[in-house]
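2 protein chains.
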Amino acid sequence: MNLKEFAARIGLSQTTVSRAMSGYPEVKPETRARVLEAAERLGYRPNISAQRLATGRAGAIGIVFQGGGRFGPHSSEFMGGLSTRLQKDGIDILVSTVETEEDEAAAFRRLAASKRVDAVILHTPACTDARITLLRALRLPFIVHGRSEAKKPFAYLDIDNFGAIETATRHLTDLGHRRIALINGDTISTYARDRDAAFRATLAACGLPLDPALTGHGEFTDETGFRLMQAFLASPEPPTAVIAGSMMSALGAMRAIRIAGLAVGHDVSLIAHDDVFPYLSPDNLVPALTTTQSPIRAAGERIGDMVLRMLQGEAVDTLQEVWPVEFVVRGSTGPAPA
Amino acid sequence: MNLKEFAARIGLSQTTVSRAMSGYPEVKPETRARVLEAAERLGYRPNISAQRLATGRAGAIGIVFQGGGRFGPHSSEFMGGLSTRLQKDGIDILVSTVETEEDEAAAFRRLAASKRVDAVILHTPACTDARITLLRALRLPFIVHGRSEAKKPFAYLDIDNFGAIETATRHLTDLGHRRIALINGDTISTYARDRDAAFRATLAACGLPLDPALTGHGEFTDETGFRLMQAFLASPEPPTAVIAGSMMSALGAMRAIRIAGLAVGHDVSLIAHDDVFPYLSPDNLVPALTTTQSPIRAAGERIGDMVLRMLQGEAVDTLQEVWPVEFVVRGSTGPAPA
Numbered sequence: 001m002n003l004k005e006f007a008a009r010i011g012l013s014q015t016t017v018s019r020a021m022s023g024y025p026e027v028k029p030e031t032r033a034r035v036l037e038a039a040e041r042l043g044y045r046p047n048i049s050a051q052r053l054a055t056g057r058a059g060a061i062g063i064v065f066q067g068g069g070r071f072g073p074h075s076s077e078f079m080g081g082l083s084t085r086l087q088k089d090g091i092d093i094l095v096s097t098v099e100t101e102e103d104e105a106a107a108f109r110r111l112a113a114s115k116r117v118d119a120v121i122l123h124t125p126a127c128t129d130a131r132i133t134l135l136r137a138l139r140l141p142f143i144v145h146g147r148s149e150a151k152k153p154f155a156y157l158d159i160d161n162f163g164a165i166e167t168a169t170r171h172l173t174d175l176g177h178r179r180i181a182l183i184n185g186d187t188i189s190t191y192a193r194d195r196d197a198a199f200r201a202t203l204a205a206c207g208l209p210l211d212p213a214l215t216g217h218g219e220f221t222d223e224t225g226f227r228l229m230q231a232f233l234a235s236p237e238p239p240t241a242v243i244a245g246s247m248m249s250a251l252g253a254m255r256a257i258r259i260a261g262l263a264v265g266h267d268v269s270l271i272a273h274d275d276v277f278p279y280l281s282p283d284n285l286v287p288a289l290t291t292t293q294s295p296i297r298a299a300g301e302r303i304g305d306m307v308l309r310m311l312q313g314e315a316v317d318t319l320q321e322v323w324p325v326e327f328v329v330r331g332s333t334g335p336a337p338a
Numbered sequence: 001m002n003l004k005e006f007a008a009r010i011g012l013s014q015t016t017v018s019r020a021m022s023g024y025p026e027v028k029p030e031t032r033a034r035v036l037e038a039a040e041r042l043g044y045r046p047n048i049s050a051q052r053l054a055t056g057r058a059g060a061i062g063i064v065f066q067g068g069g070r071f072g073p074h075s076s077e078f079m080g081g082l083s084t085r086l087q088k089d090g091i092d093i094l095v096s097t098v099e100t101e102e103d104e105a106a107a108f109r110r111l112a113a114s115k116r117v118d119a120v121i122l123h124t125p126a127c128t129d130a131r132i133t134l135l136r137a138l139r140l141p142f143i144v145h146g147r148s149e150a151k152k153p154f155a156y157l158d159i160d161n162f163g164a165i166e167t168a169t170r171h172l173t174d175l176g177h178r179r180i181a182l183i184n185g186d187t188i189s190t191y192a193r194d195r196d197a198a199f200r201a202t203l204a205a206c207g208l209p210l211d212p213a214l215t216g217h218g219e220f221t222d223e224t225g226f227r228l229m230q231a232f233l234a235s236p237e238p239p240t241a242v243i244a245g246s247m248m249s250a251l252g253a254m255r256a257i258r259i260a261g262l263a264v265g266h267d268v269s270l271i272a273h274d275d276v277f278p279y280l281s282p283d284n285l286v287p288a289l290t291t292t293q294s295p296i297r298a299a300g301e302r303i304g305d306m307v308l309r310m311l312q313g314e315a316v317d318t319l320q321e322v323w324p325v326e327f328v329v330r331g332s333t334g335p336a337p338a
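Protein chains in written order, with UniProt numbering: chain A, 1 to 338; chain B, 1 to 338.
Hints may be right or wrong, so weigh each one.
[To be verified] Straight-line Cα separation of at most 30 Å, BS3-like style, residue types lysine-lysine; simulated pairs:
1) A:K88 with A:K115
2) A:K4 with B:K115
3) B:K115 with A:K115
4) B:K88 with B:K28
5) A:K115 with B:K88
Since the hints were derived computationally from the structure, they do not count as laboratory data.
Let's have the full structure, built from the sequences with the hints guiding it.
Below you can see the structure in the form of structure tokens.
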């Protein structure tokens, strides 16, 4: 049975049937339910090419990763959440990976020209991000995972990075720590700037100086956490506490602390930001890790929801969310050593 | 400058230019180099839609994940490798996630009908897999990550799962262990069947009985590893050694052993199969973990390479690889307790 026959059989136009089955909620819920029920009963399976012609929709959302090597645990949890939401509406994800910033811009141009996606997800934005200007110029709808400065409003979902680091730093100063280190992400991203700002502001509010030797930036890997922590411990006045930007950095930091013959939670307190990886729980580490936490999988799922609402016509300035971050105290933080 | 103008300018046909720039190696390397150099010099950027019309190629490879929830650390490492290779030829990856087996079949039908991908990657195959029959019927080129029984040859890349578990089991029996447990993957997949078979055969060769209470199957998560290990330890005759199918299962098993007041490597020896996650190194665990290892990221990269060769016309029976697995002894294995 083709579209024409199926539409005739249930007494609706081909366009209405296509829209009802396309995954985009542009028809009344009753109509949609009726079409889906009839398709199931009559064994009608839509031809996607015909459907795309009818609706003008690609049925896919794009996401670009710079550097295949960076497709890591954060990407996979985010994609898991995003795909969980999009699959409910039969929408696919087109993944492009590129090497450089210039290649990424070229990839967005290609995606816009080829009409292979209906919208894109922009992630890890910089404070001012040329990609936002580019996507507007290309008229390619987008949602930002994170935040950025821009003249006109755009849709985004971010977590409260400032609040997370403020809480973590305050907890450590309350425990009497005076020399606190920060392992942050790459310097150009907004989230890393927000975390730096919170760290600086909280230390200042507590009357503590910021020692540049005790802050470091880099990718969220075990390796970077290890390297930075070793450097902190080698400084003339090593820290008694450290805040790691990810679970992966925290693993490296723990290793460096252990190798130095020190005990986490006793000699050096440690707090990590946890994006919640089901296979890497802070409860399973020894000692269990104090964390600020926000599941990145849930963010992916929510962004999937927001992108569908945006394509349905919802205004971008109503599609802006900042999620609070939880704080969970476990065994890796304790009073500053005397 | 459009395709027509660019082709005229460098004195080649539009088809040759399209092919040279499409990412598929169907033109002579010299021609390709000449076209790419001229495009760079003259600032020509191809329009993908026009290119697809000219070459009949989608410029994307498809992959379907059953259950968004299963998009986990293995998927992300594999995708990282796959995309690293495909990006060199400007090929994207179209990710579809589905809920059920039936939905997966429907997704393959849609991908074939819509011509949005040139080939698909089939992963986690069963011993006899209906998806292989379906993909053949749909004439959708495919490469299998893993192995399966089928009448006609197909392209695949697998690791030597039998050899991995044989080596691990033999190492434990050499250390004097007589009660060895196995935490395996889901029962329908070929890799899990190969691992079960190797475990059974090696125990038999050593004259040891197989105790069904000491083998368990399930998803490769911390949770499953924990639950199965707790059950093994609660049995009337608990094991003195265990083989875990993944690093994630091993983390759960370690937790269960620790909670039972036992020491890994002393009271209970542990070997894990490690797909090599950069953020979860067996060297970083306490004690460091003895592993069989094969990087799943490298497999993704190689499969990207093989799919491009297949699309260039290489015969599927020359695109079949089985990779040996390394064995690395660390601190988590020791002599059987007296």
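Hints versus structure:
1. Taken as a hint, the K88 of chain A and K115 of chain A pair is honoured in the structure, with Cα atoms around 22 Å apart against an allowance of 30 Å.
2. Only pairs whose Cα atoms come within 30 Å are accepted, and K4 of chain A paired with K115 of chain B is accepted, the gap being roughly 21 Å.
3. A C-alpha spacing of about 14 Å is found between K115 of chain B and K115 of chain A, which places the hinted pair at or below 30 Å, so the restraint holds.
4. For the given pair, K88 of chain B sits about 17 Å from K28 of chain B by alpha-carbon distance, which is consistent with the 30 Å threshold.
5. Proposed proximity of K115 of chain A and K88 of chain B is supported: the alpha carbons are some 22 Å apart, at most 30 Å.
In this structure, every one of the numbered hints holds.
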